[in-house]
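There are 4 protein chains.
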Amino acid sequence: MTTNHEPIRDIAYLSHIELLTPKPTESLEFFRDLLGMEIVHREGQSVFLRGWGDQQLYSLKLTEEGQAGLGHVGLRAYSQQALERRAQDIEQSGYGIGWSDGDYGHSRSYQFMDADGHVLEVFYEADKYVTPDHLKPGLKNQPQKFSARGASVTQLDHINLFSSNVDADSTFYRNHLGFRLSEQAITDEGKQTTAWLHVTNKSYDLAISLDKSGAQGRFHHAAFKVESAEMVLRAADVFLDNGIFIEAPPNKHVAGQTMFVYVYEPGGNRIEVCSGGFLIYTPDWETVTWTPEERKKGLAWGTPLPSTFHTYGTPNTEK
Amino acid sequence: MTTNHEPIRDIAYLSHIELLTPKPTESLEFFRDLLGMEIVHREGQSVFLRGWGDQQLYSLKLTEEGQAGLGHVGLRAYSQQALERRAQDIEQSGYGIGWSDGDYGHSRSYQFMDADGHVLEVFYEADKYVTPDHLKPGLKNQPQKFSARGASVTQLDHINLFSSNVDADSTFYRNHLGFRLSEQAITDEGKQTTAWLHVTNKSYDLAISLDKSGAQGRFHHAAFKVESAEMVLRAADVFLDNGIFIEAPPNKHVAGQTMFVYVYEPGGNRIEVCSGGFLIYTPDWETVTWTPEERKKGLAWGTPLPSTFHTYGTPNTEK
Amino acid sequence: MTTNHEPIRDIAYLSHIELLTPKPTESLEFFRDLLGMEIVHREGQSVFLRGWGDQQLYSLKLTEEGQAGLGHVGLRAYSQQALERRAQDIEQSGYGIGWSDGDYGHSRSYQFMDADGHVLEVFYEADKYVTPDHLKPGLKNQPQKFSARGASVTQLDHINLFSSNVDADSTFYRNHLGFRLSEQAITDEGKQTTAWLHVTNKSYDLAISLDKSGAQGRFHHAAFKVESAEMVLRAADVFLDNGIFIEAPPNKHVAGQTMFVYVYEPGGNRIEVCSGGFLIYTPDWETVTWTPEERKKGLAWGTPLPSTFHTYGTPNTEK
Amino acid sequence: MTTNHEPIRDIAYLSHIELLTPKPTESLEFFRDLLGMEIVHREGQSVFLRGWGDQQLYSLKLTEEGQAGLGHVGLRAYSQQALERRAQDIEQSGYGIGWSDGDYGHSRSYQFMDADGHVLEVFYEADKYVTPDHLKPGLKNQPQKFSARGASVTQLDHINLFSSNVDADSTFYRNHLGFRLSEQAITDEGKQTTAWLHVTNKSYDLAISLDKSGAQGRFHHAAFKVESAEMVLRAADVFLDNGIFIEAPPNKHVAGQTMFVYVYEPGGNRIEVCSGGFLIYTPDWETVTWTPEERKKGLAWGTPLPSTFHTYGTPNTEK
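Protein chains in written order, with the numbering used here: chain A, 2 to 320; chain B, 2 to 320; chain C, 2 to 320; chain D, 2 to 320.
Extracted from the complex, chain A is given alone in its bound form:
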């Protein structure tokens, strides 16, 4: 049990996400052929995929549905005790849904909803990835061959949720899951418009952005990592050559200082390919706060993101 004054450190990392798509074939082609992920399993209306560097069995569950959006987010606990602690805490907080028997690739998980209604699960016991022969890498400390196909994404990096109340949601993730607030953008009144939170040494594993549409529980984007800024540029070329809509061309974020390119996968979900960004090692990191005045400068090198970046999410409520 953690003591009163020591931080919760029970979540190891963001393990997987489930994305919903009304165009399962086209979405699958996007993730497999253009991002370069591998299919590890099919079950019901779902296909499970992994990046070549994902240490767990899969990082993406792609499920056919009537409209695009987030199915759920999977968080991996550090240990069985850590899982029990989180389940008990969330149960008591009133956000709990309850224990499930698990899903393909992992044992029982505790399911819950965040303040804005996104569905999450936390689990510990999970099946290891057994590399098939044709994907065996040259170095055995690597889970799988470098995919060398399309953007060749390494692994799931982070997610960004849309929320009707960023303050409430970021507080939930901090208080009940042990996320720490790396950076935040606020209004002149001090309300959060974006919160960047981390549980690993990455400067963020989770971002939460203000959804002004009035909707709840919407999804902003999922980001898959590549190994360098150059590979982000390369990914943009792959998207350009293959007719994928590029919402924002490669550029550098202020928060986190990651290089990015944003596209919409054929099912409609916004996907980022990213690289770089700093790691946070210091235990007394002070949250960096960006004012509206500072945010007006746009991205790191001075241009703004397109306006759709602040309004478009899935499900798309503006159709």
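The set of hints was computed from the structure by calculation and includes no laboratory data. Built from N, CA and C at the ideal position, the CB exists for glycine as well. Among the clues, some could well be false.
Unchecked claim - Cβ pair distances, simulated, as ranges:
#1 Q46/C <-> D102/B: 37 to 43 Å
#2 E7/A <-> E30/C: 48 to 54 Å
#3 Q46/C <-> S108/B: 42 to 48 Å
#4 K298/B <-> T26/A: 40 to 46 Å
Once you've looked at the hints, dock chains B, C and D against the given chain A.
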């Protein structure tokens, strides 16, 4: 207090090292002009330096001494309680030296020796870096301007100690400091020849290599990080142009999969400039073990490191 | 003399430009400290600079003047005969100014004006760069140490002139100097709005853009090359950190497919740092023509350049 | 006709090579799946392939044969007159074989042998590449989609021939084909051991190395270009993951300063994946000469190439 069955997680990261040099002027020029570090303080026979991305005040204390080698290693605890726990545990284990009043930039620290006799200290309270005006960066979530000088190293990445008994030392770091064993190279008899250990998400923060010379407490190398493989190549060009001895040209390590270049700074200490490598997120990572047979293949792409890599350390006992 | 049906191939490359600046101190600091160029000579109101990879003595003559703009463009002929042929041809065409005694670093040159009134000179005999000891490189087939300072630009890459009549100017460069038209952007009526022309294997050494201001002989920008896309991003960081106005952040051009970042040096001239782009080897390259419809798509990955890119030039007539 | 004192400038570039392989299936898989080339045609025992950036129809003719080696080298003339001039000159010099009716993709060519017996052809008229729909790129000034498969090589860059008499061969290429000598390595007696020659702005399109085996007309290697040093490292990973023999891991050449990785394709021919290197613009470039003493330093950053690099060629006479 941690429970019996949960891992020690009290060390946040490797904060600084003290290197000894018999050529203080030339060594300082190396770190400042060729690695691109900044001087933050001078005191007695020591100069304190930082990389532009170091989150703490400094990562290198460079001290004039009769011969090259390691002064000490500074570890930052996660919290004051974490510091007290480690001090108490090490005290009881018999490795302790005792509390010091601190050093430039940090408060009281607990000092101790590892199994092979390297001196370390652990501390929590530390002064923050206050960026001088001429080094103020464009983005305030960055501690300092990108240095844009020489190899422009970002920050201290890891250290590698020589040890007369790798098993004993890696056990010490695991049991008393909470390091986890990412990878190891072993003899046919199962004794460790190199151990790679981590406390952050990096695949290693500390490596320990077998010193066959019979000496104890020697230093193998310190590694400073750059942001990409390309910048490792660039660093090699800087070293070539400026007459620095390149012991091993840029190549890719098997363990950790980092890109590297190894040089001797003018004082004689081996310095690595590195990039890349994977992060470990999964809480049930299984130590990767490399056999002598596997190690014969050399580096990732098939050439060996030079033989000096396995014999040369500081102080240089082979003179 | 070339035969009737064979192309003119008398110009070797773009050797240097003279830029005028009303802020000579600040401009010099920009080129030396932020682009990483070296001063090779000072004479009168001029400073002569070179990139570390420039094969000639200098590529930039920076001259104090009341307002920013282009002094002149220096073209190097392939041989003494080639120079005589060009001088004779231009003399006959009516564009000639006449022979000069040369300038610092090169012998007599033939001076002339293009159709829009930009001043150029063509010369052959030139002094070689003698590398001073402190800049001697590790490899003697490199003219100078890698500068490892600021953006560390390699060399002058290309220039872009503003012209009141692009068709007339591109015809002049093709007919009298042997430039070939790699790509062009045209209006619906077929008039050129930009022409990209090459004399080397680069896809362009010279671009000419439509100046709608009514002015003549204005300068659009000069581009200095770095070795990779990543170094363009790095240059943008250097500009951001040092308060240089970034007109257009790193992105990829459609024409030539170069990565770029555009800034205004303190004197007001637009400067590009660029990398990449394709080389043209095939002797029967067909000019690629971009229609207004195609140009609407913006840059390679889908965003437009800022509107100032199409209006701002030096001297700045819009003040 | 060129005048007495002006250089021959009749060859535009190295257009294609024909490689012989005793393992046509495995070799084809190597070039298509691991280098990422596209098949454009099959005819008899040959398959014709191209890199995504090749401006001509194909750059590699892969032909089944009893043993590995060079079939022939294809050079593209600048014009029909240039072709006639070269044919006439070579015919008179006694090296000529005679006119052929052409091959897949190009019209009549003049065939000849260099001093060491390698077969070459020079031609001008050639079919253009018509991009099939599934390979149409996003930008029409690019011949084909970026391949995004394996090493994704851009195009054929240069070839290296083994020769029993480098001086004789380099003289042949200079006097009869207009190649210029960029760099050379010589013995203490002044005899060439390697010659690097160019016809484009690249620092070399052709290298000739001393074959001490006594054999004649052997092949050393062909190099395919990628866009950055990072992609050379990436190529090495692809080779490692797929069991291709890496003769020399990524490193930097002294001559030309190119980054490289050398492998043997399954048929036995040495293949290089390269990037970078400088361009030669200055018309009065002075040949850089490397002495045996200087060559002892090895590669740019100080290690030697493996000894096989100086002995192994195809056909392999040492079996």
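Hints, verified against the model:
For Q46/C and D102/B, the Cβ-Cβ distance of about 60 Å falls outside the hinted range of 37 to 43 Å, so the restraint is violated. For the pair E7/A and E30/C, the supplied restraint of 48 to 54 Å holds, since their beta-carbon distance comes to about 50 Å. Restraint check, Q46/C to S108/B: a C-beta distance of roughly 57 Å breaks the suggested window 42 to 48 Å. Against the hinted window of 40 to 46 Å, the Cβ-Cβ separation of K298/B and T26/A comes to about 42 Å, which satisfies the hint.
The structure is inconsistent with the numbered hints 1 and 3, although it conforms to all the rest.
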